[in-house]
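Student: Given next are the chains, with one letter for each unit.
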Amino acid sequence: MMKQLFDWLEHRTGARKVVNEALYENIPGGSRWRYVWGSTLTFTLAVQFITGIFLWMGYAPSATSAWESVHYIQEQMTGGWFLRGLHHWTAQVMTVLLVLHLMQVVIDGAYKAPREVNFWFGVLLLQLVLALSLTGYLLPWDQKGYWATKVATDILGSTPLVGSYLKELVLGGADYGHHTLTRFFALHAGVLPAAVIALTAGHIYLFRRHGITAKTPLKKRDEYFWPEQVLKDAVACLAVLATVLFFVVKYHGAHLDAPADPSSNYPARPDWYFLFLFQFLKYFPGHWEVLGAVVIPGIVMTLIFLMPILGKWKLGHRFNIGLLCAVLIGAGTLTISALREDKANVTYQASVKQAANDAIVVKDLAKTRGGIPPDGALVLLQGPKLFAQHCAGCHAYGGHNGLLAALSGPQSAPDLKGFATREYLTALLDPAQFKSAKFFGGTKHANGKMAKFLEENADALAGTNKVNLAKVIKAVSAEAGIQSQRPMDTRDATEIAEGKKQFEALGCTDCHSLGKWNPEDSTAPDLTGYGSRDWMMALLHDPSHERFYGKKNDRMPAFGKDQKLSRQQLERIVDWLRGE
Amino acid sequence: MNDTPSEKSDRREFIKCASCVIGGAIGLVPMAAGVYVAMDPLRHSGDGTAKTNDGFMRLATLEDLPLGGAPMKYSIVADKADKWSRYKDMPIGAVYLQRTTEKQVVAFNTVCPHLGCFVDYRKEEKDFFCPCHNSNFSQTGALKTGVSPRGMDSLEVELRNDREVWVKFQHFKANTTEKTPVNS
Ligand code: FES
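Those protein sequence lines, which keep their order, are chains A and B.
Sequential numbering from 1 applies to the first sequence in the working numbering.
Sequential numbering from 1 applies to the second sequence in the working numbering.
A hint or two may mislead.
Capping the alpha-carbon separation at 20 Å, the derived lysine to aspartate or glutamate pairs in EDC-like fashion look like this [to be verified]:
no. : chain 1 : residue 1 : chain 2 : residue 2
1   : B       : 16        : A       : 571
2   : A       : 501       : A       : 489
3   : A       : 232       : B       : 13
4   : B       : 88        : A       : 534
5   : A       : 220       : B       : 40
6   : B       : 16        : A       : 492
7   : B       : 83        : A       : 375
8   : B       : 80        : B       : 63
9   : B       : 103       : B       : 63
10  : A       : 363       : B       : 82
11  : B       : 80        : A       : 375
12  : B       : 88        : A       : 571
13  : B       : 168       : B       : 79
14  : A       : 353       : A       : 364
15  : A       : 215       : A       : 25
16  : A       : 367       : B       : 79
17  : A       : 500       : A       : 479
18  : A       : 367       : A       : 75
Hints were generated in silico from the structure; no laboratory data involved.
Please work from the sequences and hints to get the whole structure.
Tutor: Shown next, in the form of structure tokens:
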């Protein structure tokens, strides 16, 4: 039955013949470990195709969704980090394998007649794979991909005569945006893979046509490809996969930086395999750059391309080996010096650290704030970024500057993490904490009326009035309408109503007002709507307004009134502080 | 190498076996990882549902709906989560509201119970008509003619504060005689 089916298939398709031809290829001198490189490359290519197509199912190429969708794959989809890690690390390993393969071909002289055309196919494939790496690097639209690719496209833009047109074509416009991603993605997942498939097919066909370049002297009898060589190839592929898996697990997938931010001082660096070119450019000032970026690499590439022809001369083969060694040693040295320079560069190290912190902050925000707003993750990061820039000179946020870095100077105003929440107010109204650096210790309010009130009434507030104070706290905090507290606020409605009455009974109304601002007899900030978006916006607009601190305002700038920040910027800070 | 012929063929069999096993395993890793991730939606079913406190939304007041008048279409606008994004006030569907008596309002989801097309209300004919496969529903939502397995899906309506019309917006499983709510 089976046999009949196979015979039928064979008659209609000739499949068996093809399989037999594939498997019973003669290997002069028998199977050897040194012949495995081509197969490992084919294997990595297959891995990239498979993982790439599955990643495609979750990827959305646009400036406001690329980072977001990759982040979703990485953090939310079960196993997504593993899939992305496989794709990323296989790409890295593939680059190494390509170099090894090239070295072997050159050293063994496998480029010589009649295999010249196949060598050229190989060199083209090498370039296609590098192009795949370059285009793939941008797709997550994170800081490192964005800035590195920007350098690459600026190099393209500096090409004489046609540069600016080329660049605009590649970017799909004058600047980076939606169409840059759609174009890079089409190249990465469509055009380049199609070319790779075509060339690989040709490469393998030609390889079969001329047979393996056997290493002489032949040590054993001839063997067929199947099964001896197949096993060796399979074991080698297994080793490659094991290496990839090691990195995938070690780094928990692939790193995803903070979303691309054209306003940040991120230090652009290409991925490690292009680092030598990056370093090379440092030696070509000004308009000499074209020499380092285009001319010299172009000459080297041309020489590599011409290897089969150069090899015909007497010393040609030696020249080729020499050239390859020179290029590899040169690239290696440049890579090492690039890494060394960066290691010694304090500013660079600080920027890298800050970028890593940004990534942690934005990922945490995406998780804790119930998703990313439609205008993208970068917007999420605006709140803490603006805070770090404009507020963290005096205030802290959870002990840091909002972006997990230390404050530049001593903290002189309250730590605003959890501002207006019940916990925040409970801590604030503890006399010891009120005067501590965490709250008003660094301001003149440390010796003000409020501090005195808390100290004088400390016993009562901690004893007989403890329950009432708790109600006041709930009432004042409820004014903020903080999203995460909403269920609690609804649940405690009666206590909140009582708290409003206690607000007066405890003497708060001597200075503050709650429910309705009473300019006549309030001498301290109005707590009507305390911590709400409107209240905070008004405070940031002008803290010296009599509704807030009036003349007692201690150094807090009028960000809105003095036009230090735009309304939208203030809103971003406020929304972030309020946990929205 | 002075193995006996049978040892030789054993070795060969082993090599063949090992090649197949290793070859299969290394191919399986990327494939399995991919398929596993592609199945992710099944592990997150129900995510992205627009949620309001008790499911009821205020859509209109009684005065907006003329007594005995034609059904009126209201869009349902709600906060929505879609994979990585969260949206505020996004249109997520629509309902027909119709005041039948002084204090009674009925609501229908505009989605056709057959295969989910948007059902139109035809003023002239005074009926609901689905343009996809020509299902026809009376003003009360009952199926008149056509391939739909059931009448239009009515929604729970509550009258609050004597005049506010609150509707519990829901979707139902398509193409079943039974009306079963789905969480999407
Ligand atoms: S979808 Fe309405 S009749 Fe088929």
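Student: Next pair to validate is residue 16 of chain B with residue 492 of chain A; report whether the Cα-Cα distance is within 20 Å.
Tutor: violated (73 Å)
Student: Is the Cα-Cα distance between residue 500 of chain A and residue 479 of chain A 20 Å or less?
Tutor: Holds: residue 500 of chain A and residue 479 of chain A sit about 10 Å apart, inside 20 Å.
Student: Tell me if the straight-line CA distance from residue 367 of chain A to residue 75 of chain A falls inside 20 Å.
Tutor: It holds: about 9 Å lies between the C-alpha atoms, which stays within 20 Å.
Student: Does residue 13 of chain B sit within 20 Å of residue 232 of chain A, going by the straight-line distance between their CA atoms?
Tutor: The given pair, whose Cα atoms are some 15 Å apart, holds under the 20 Å limit.
Student: So if I understand the rule, the pair passes when the alpha-carbon distance is 20 Å or less; does residue 168 of chain B with residue 79 of chain B pass?
Tutor: With Cα atoms ~15 Å apart, residue 168 of chain B and residue 79 of chain B stay inside 20 Å; holds.
Student: Run the distance test for residue 80 of chain B versus residue 375 of chain A: straight-line Cα separation, threshold 20 Å.
Tutor: holds (15 Å)
Student: Given the hint that residue 220 of chain A pairs with residue 40 of chain B, does the C-alpha gap stay at or below 20 Å?
Tutor: Outside the cut-off at roughly 51 Å; violated.
Student: Hinted pair, alpha-carbon criterion (20 Å max): residue 103 of chain B, residue 63 of chain B. Please report holds or violated.
Tutor: Status holds; Cα separation ~11 Å.
Student: Need the status of pair residue 363 of chain A, residue 82 of chain B: alpha-carbon distance at most 20 Å?
Tutor: Status holds; Cα separation ~17 Å.
Student: Taking 20 Å as the top limit, are the C-alpha atoms of residue 88 of chain B and residue 534 of chain A close enough?
Tutor: Given pair residue 88 of chain B, residue 534 of chain A holds - Cα atoms ~19 Å apart, limit 20 Å.
Student: Please verify whether residue 501 of chain A and residue 489 of chain A have alpha carbons no more than 20 Å apart.
Tutor: holds (17 Å)
Student: Hey, residue 215 of chain A versus residue 25 of chain A, does the alpha-carbon distance stay inside 20 Å?
Tutor: Holds: residue 215 of chain A and residue 25 of chain A sit about 16 Å apart, inside 20 Å.
The structure is inconsistent with the numbered hints 1, 5, 6, 8, although it conforms to all the rest.
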